[in-house]
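S.K.: With the hints as your guide, set chain W onto chain C.
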Amino acid sequence: MIKPHHVSVKDGDVLVLVGTMKGAFLLRSNAARSRWDVGGPYFQGQSVYALAYDGRAGRRRLLAGPGSMHFGAVLSTSDDFGRTWTNPEQANVKFPEDAGLSLKNIWQIMPAAAGDPNTLYCGVEPASLFVSHDAGSSWELVRGLHDHPHRTKWQPGGGGLCLHTIVPDPQNPERLMIAISTGGVYGSEDGGRTWRPRNHGVRADFLPEKNPEFGQCVHKVVAHPSNPRRLFLQNHWGLYRSDNGGESWQDIANGVPSDFGFAMTMHPHDPDCVYIAPLDSDMFRVMPEGRLRIYRTRDGGESWEALTRGLPQKGAYETVVRDAMDADDLNPAGVYFGTRRGEVWGSRDGGASWSTVISGLPPVVCVKTCLIGGARPAPRGRKAAAAKKPRAMAAKKAAPRKAAKKKSVRKAAKKSTSRRRR
Amino acid sequence: MPLKFFIPGPLREFTNGARLVTIASGASTAGEALERLWAEHPGVRDRVLTEQGEVRQHVNVFVGVESIRFTGGLDTPVRDGDEISIVPAVSGG
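Residue numbers (our numbering), protein chains in the order written: chain C, 646 to 1067; chain W, 2 to 94.
If you are wondering where the hints come from, they were derived from the structure by calculation, not from laboratory data. One or more hints might be untrue.
To be verified - Straight-line Cα separation of at most 16 Å, EDC-like style, residue types lysine to aspartate or glutamate; simulated pairs: (1) W:5 / W:36; (2) C:959 / C:934; (3) C:749 / W:52; (4) W:5 / W:83; (5) C:798 / C:858; (6) C:749 / W:55.
Next comes chain C alone, as it looks inside the complex (with noise of 0.2 Å):
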């Protein structure tokens, strides 16, 4: 194994978190996101589909879903940046026997919205949601989705039958959407009692009915919490929005190569704004034309932009899977991506440009970004500037580690004996 090396981290910092088929890293910057400290790898050989950021009610809280192909897969967390992270004896996400069902990946986690601090969401394959009220402590089985009459009709993709995105509405904590391949979009109005699906002209081009109630194989689905009744969603085949809260969708794919995908992300402060990452086709699902595009509507979807300054547009045949990108909360905002060849390319100024953060990473399937601390200005006079250049975003080397910093690891470590590192 190999040790992992840690990231300080201080407010301000802005956190790109990095799952892979085998590990985790954490990528920590200052807001001007010119230098990457690296951290990881955490869950070595382990796949780590989800992680999430919880920075309400004063925590500083990872979370990471480590899946074993041996083992299983739990829920893990770190209070400390990934010094170390929790191993529960007992699976903390697992079905109830009578459910007869046995968990096989944690493919989401996502915190509440503020005004319900202590309550995070988990989807999970087979297509499930769990609920925490105590800030994760311990997990249930929601019910009301789970005794849903269509569950046993829900068929598994590519990636299993999963259960991988959850939208919580930051103004009505009982208001949710969660999305399932294959089974389309689901709502509730009512905590996760009752689910309605939400999938009315969503296309399904691989069921001989092409607009089923259910049984869409729906990649992603974003909202801005400015406007969580506008929703933004990737179908297998499809780009859509929805402006009723998910009751009827529109085709919007206007002007992308493709309307295959998995990826896309909210732009954090322009609810109009939305980043995909076209793919070929369900048949080859690759970059289009092996050209490393991103794209960006910044009108709701009525047209949209290839964003290619910095990113390679030849022999790209690189994939983007569907948590493998997202945004942080700075003006301009970061956004960042990973690829299935252990890539991380980042753009600090909106998609504008890009530059590689990191490389020689495993596959990565998840990128979540936070920010520590809430926002800081960005270094001005001479960092700014130097901010501006394209290479200066690469993550530095790992210098080597100081003793006292060692000392510290190793204070941390035996202040938690239930904690471990990773």
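M.R.: Frame of chain C, contents of chain W only:
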């Protein structure tokens, strides 16, 4: 004669680092023997069994040199002094 359990490296954090765990027997099947193991080291259980009580697909349990997959699963007979090995399968990516 107590039962001997051989614990794989990734699970030794749940056995205080021990590779070999010995437990007074009385068990007549592999399932009963494993129940005694988790009674003393509960963290091992959920890594070896699913929620439905089945041995995980990529974990092998041997009584002596025989995999219990071919000898009756958790109902495989055990005798005092048997050695039970928990071994991750040869799988990965």
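S.K.: Determine for every hint whether it applies to the structure shown.
M.R.: Each hint tested on the structure:
Distance restraint check for residue 5 of chain W and residue 36 of chain W: the Cα-Cα separation of roughly 13 Å lies within the 16 Å cut-off, and the hinted pair is therefore satisfied. Under the criterion of a C-alpha separation no larger than 16 Å, the hint pairing residue 959 of chain C with residue 934 of chain C is consistent with the structure, at around 8 Å. At roughly 11 Å between alpha-carbon atoms, residue 749 of chain C and residue 52 of chain W fall within 16 Å of each other, so this suggested pair holds. Under the criterion of a C-alpha separation no larger than 16 Å, the hint pairing residue 5 of chain W with residue 83 of chain W is consistent with the structure, at around 6 Å.
Taken as a hint, the residue 798 of chain C and residue 858 of chain C pair is honoured in the structure, with Cα atoms around 12 Å apart against an allowance of 16 Å. Restraint check for residue 749 of chain C and residue 55 of chain W: the C-alpha separation of about 13 Å stays at or below 16 Å, so the hint holds.
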